[in-house]
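Dock chain S against chain Y, hints included.
In order, the protein sequences belong to chains Y and S. Under this note's numbering, the first sequence has 267 at position 267, and the numbering climbs by one with no breaks. Under this note's numbering, the second sequence has 26 at position 26, and the numbering climbs by one with no breaks.
In case anyone wonders, no lab produced these hints; they're calculated from the structure. Keep in mind that a hint or two might mislead.
[Unchecked claim] Selected chain S positions facing chain Y (in silico; Cβ < 10 Å):
1) Glu-168
2) Glu-204
3) Gln-269
[Said to hold, decoys possible] Stretch by stretch, here's where chain S covers chain Y in the computed footprint (C-beta under 8 Å, at least three residues):
4) 53-59
5) 158-172
6) 179-186
7) 251-257
8) 267-276
9) 300-313
[Claimed, not checked] Estimated spans, in silico, between C-beta atoms of each pair:
10) Y:Glu-235 to S:Pro-91: 56 to 66 Å
11) Y:Gly-184 to S:Gly-135: 23 to 33 Å
12) Y:Glu-55 to S:Asp-177: 19 to 29 Å
13) S:Gly-276 to Y:Leu-29: 53 to 63 Å
All C-beta atoms in this analysis are idealised placements derived from N, C-alpha and C, irrespective of residue type, glycine included.
Okay, here's what each chain looks like letter by letter:
2 protein chains.
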Amino acid sequence: MDERSGPVLALDLGATRVRAACVAGDGRLLSRFEAATPRELGPAAVVDAAVGLLESARDAVAARDRRAIRGVGIAAPGPLDPAAGRLIEPPNLGPAFRDVDLAGPVGTALGLPVRLERDTHVAALAEWEFGAARGCTDFVYMTVSTGVGGGIVSGGRLLGGPDGLAGELGHLVVDLDGPPCGCGGRGHLEAISSGVAIARAAAEAMAAGGAPGLGARATRAGGGTAALTARDVAEAEEAGDVDAARIMERARDAFAAACVSLVDILTPQAIVVGGGIARNQGDRWLDPARRLVAQTAFRVPRERVRIVAAALGDDVGLAGAVPLLRLATRTPEGR
Amino acid sequence: MDERSGPVLALDLGATRVRAACVAGDGRLLSRFEAATPRELGPAAVVDAAVGLLESARDAVAARDRRAIRGVGIAAPGPLDPAAGRLIEPPNLGPAFRDVDLAGPVGTALGLPVRLERDTHVAALAEWEFGAARGCTDFVYMTVSTGVGGGIVSGGRLLGGPDGLAGELGHLVVDLDGPPCGCGGRGHLEAISSGVAIARAAAEAMAAGGAPGLGARATRAGGGTAALTARDVAEAEEAGDVDAARIMERARDAFAAACVSLVDILTPQAIVVGGGIARNQGDRWLDPARRLVAQTAFRVPRERVRIVAAALGDDVGLAGAVPLLRLATRTPEGR
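Next comes chain Y alone, as it looks inside the complex:
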């Protein structure tokens, strides 16, 4: 078996679930295990759980595959340091996870080389290898979910910046007078288009007393202005609620503006859009972006770019371990 096409172990460490798998070189999951992330027990417990799931994933495959495993690819929430294999200060995991070594203990326990990358970068690699960005040299991956994140591939390379942190697309400023972002900024894409932002906009509309339909829905959902999720707001729009429609339209317009910025700056062949909100909305989410890009981006890139839904589902963070383990070590090239 070619060493570059052999199976890999994959770990997707999320804020709520840890998933582990043994993945064949063609992206098929040969085994798959998952559990709730024991976040409240701290980093050591999370690493133990991850190692346990990886061992299960390894032991569940045929001996021939097991012997051919070439390494472990880990997807985890950013910001993280891929070269050092450590988390930096991931807000989604909590303050206890600051500066935690993930690659070291996993590699020691499994006796395999380990490569760690930000979850959105791993998803970008997976879509590049197996999904909607196959054949591209230049594309942008965006995920619109609880938060907004992304990854950039330019000139055939994942764009990492000096320390692998680049591609934080949720923090594009699209409305400089806009609502505050969790990061301290204002009018960032994530502050308007993310699930958290949509729910917050609904809560604010209810608190201001101007959204009777949303208010009635919140009462049915258990009361309080914080009772509605982004999905509730999307459903209210479907049901004809004008306040919900205004909030969702704003979220889609901000996303569309970000796409124009990305098309003009990066001139990608594709913008691949994943994440729960984009997936649930489908073309309703993507069409305003396609229209605004067609109307206002530069001619050559706008005529080329495809704005499309991600092809891979929830296991995108596992499939991405295959291309992740093929990446050359990131060292800045000389000119």
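Just chain S now, with coordinates in the frame of chain Y:
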């Protein structure tokens, strides 16, 4: 003499001036000629003028240098196709310059290899080689002048995208409800922070009758709401005019927001800022960007990034010919 360090011929084709020089490998101009761009006579006349200036620049240097000249580097307004050596449809030159072959006739006339790049990319290369971005692997060059443009260097490479068109930083959307941009978009950086945008905002304020100080200045300048330039507005702010201050502050705030976007997305070591407006304003222009980045960008990149004035002056487009001629041909790399 090492072929890679020998002198080059440089051409900087601007909308108002054409400049040509023979440039030593260390960036010194060994000769320099310039003339008004005969735009109104059409592309053939402009190419003739350029060739004439290049021949003068070549013939003015010592025979030893002349024999060592290794090629011609051309900076011209975008969008252009570097691989084909052709202009695409440069708005600053006019519709007659659509799809004009520049590299071909210059190469034939001079008997030398030619490389064409967008003026802002050449400026970025010059600042990288000789100026404020020396030693960087990752930086952003921005020019704030009549328009707003830029170039991105990431991982030690000029980021060109599939066809060399990437890096159009003037078209970052920073205010999705903002004023219209010349490109058809809305709220682009160029629509708020460029010289044209500042002058237009002043004209609109005067037309609305709410800017008496600017109106008086316009009358002194020859009357009419279009009588003020961005420099006039900046001077009015210096003199204490509140309407001018509001317009200039908005321009600086939009620029600052764009810098936050660029720091979070590209995590550069430096943002190098050139162009007449930024140069005239100095730290007054850069400080709001430094503050907003320090307050709201992600920790690792914000602690690293320097936001600094460009080190090279008007001849940046000539000095950049040296690194331009060293660039590898742009072909998308395999992974």
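A quick look at each hint next to the structure:
no. : hint                               : verdict
1   : Glu-168                            : holds (5 Å)
2   : Glu-204                            : violated (18 Å)
3   : Gln-269                            : holds (6 Å)
4   : 53-59                              : violated (count 0)
5   : 158-172                            : holds (count 12)
6   : 179-186                            : holds (count 5)
7   : 251-257                            : holds (count 3)
8   : 267-276                            : holds (count 3)
9   : 300-313                            : holds (count 3)
10  : Y:Glu-235 to S:Pro-91: 56 to 66 Å  : violated (45 Å)
11  : Y:Gly-184 to S:Gly-135: 23 to 33 Å : holds (30 Å)
12  : Y:Glu-55 to S:Asp-177: 19 to 29 Å  : violated (54 Å)
13  : S:Gly-276 to Y:Leu-29: 53 to 63 Å  : holds (58 Å)
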